[in-house]
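Student: Sequence:
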Amino acid sequence: MTKPRESQPPSPTTERDQQILSRLARIEHKVDSLEQTTAFALRADEDKHFASVKAIFRNSKRRAQVYLAANGSRSVQQIADHLHMKRQNVGPELSTLAQEGLLELSESHSGQDIWAKKPLDRTLRITKFLQKEFSLTSDGRHKA
Numbered sequence: 008m009t010k011p012r013e014s015q016p017p018s019p020t021t022e023r024d025q026q027i028l029s030r031l032a033r034i035e036h037k038v039d040s041l042e043q044t045t046a047f048a049l050r051a052d053e054d055k056h057f058a059s060v061k062a063i064f065r066n067s068k069r070r071a072q073v074y075l076a077a078n079g080s081r082s083v084q085q086i087a088d089h090l091h092m093k094r095q096n097v098g099p100e101l102s103t104l105a106q107e108g109l110l111e112l113s114e115s116h117s118g119q120d121i122w123a124k125k126p127l128d129r130t131l132r133i134t135k136f137l138q139k140e141f142s143l144t145s146d147g148r149h150k151a
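Going letter by letter, the sequence shown gives residues 8 to 151 in my numbering.
It cannot be assumed that every hint is accurate.
[Stated by the list, open to error] If you anchor each label on the Cβ, the simulated ranges turn out as follows:
{"#": "1", "residue 1": "S80", "residue 2": "K55", "range": "27 to 35 Å"}
{"#": "2", "residue 1": "G108", "residue 2": "K135", "range": "16 to 24 Å"}
{"#": "3", "residue 1": "G108", "residue 2": "Q25", "range": "34 to 42 Å"}
{"#": "4", "residue 1": "K61", "residue 2": "Q119", "range": "27 to 35 Å"}
[To be verified] Taking lysine-lysine pairs in the PhoX-like style, the calculated list, with each CA pair at most 25 Å apart, reads:
{"#": "5", "residue 1": "K55", "residue 2": "K139"}
{"#": "6", "residue 1": "K124", "residue 2": "K139"}
{"#": "7", "residue 1": "K124", "residue 2": "K68"}
Hints are computed from structural coordinates only; laboratory data are not their basis.
Note that beta-carbon positions come from the ideal geometry of N, C-alpha and C, so glycine has one too.
Please put together the full structure from these sequences, using the hints given.
Tutor: Take a look at the structure:
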């Protein structure tokens, strides 16, 4: 016959772990994605990162226009039409901006890739900067 085990009080480490888990469960994390979390973490070094943004756009008004026109609802051809540019001038700018981590494909349907800005745009306020720097509207057109 085996003796029933006596229950032992929880160790201080176990109690502390439970308290930590309980606190974590109450924290509300209101971020859409890991990428957005990372973007908000960049805000601490905003000046350093914004220097990189300035280097990406340099004096390229076309690149700024393409970036602003990529609003999550336009394909390459639609961006070109919207800005009255040739498609062959828009595609390379989109590729460069994607390689730099500023744009992404938001969806693809009927053979058309739809381009969108990453959450980093809101964090560093890239759109506002480009509008002011190049005298453009929020969708990449020239101000009237």
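Student: Hint by hint, where does the structure go against what was stated? Just the numbers, ascending.
Tutor: none
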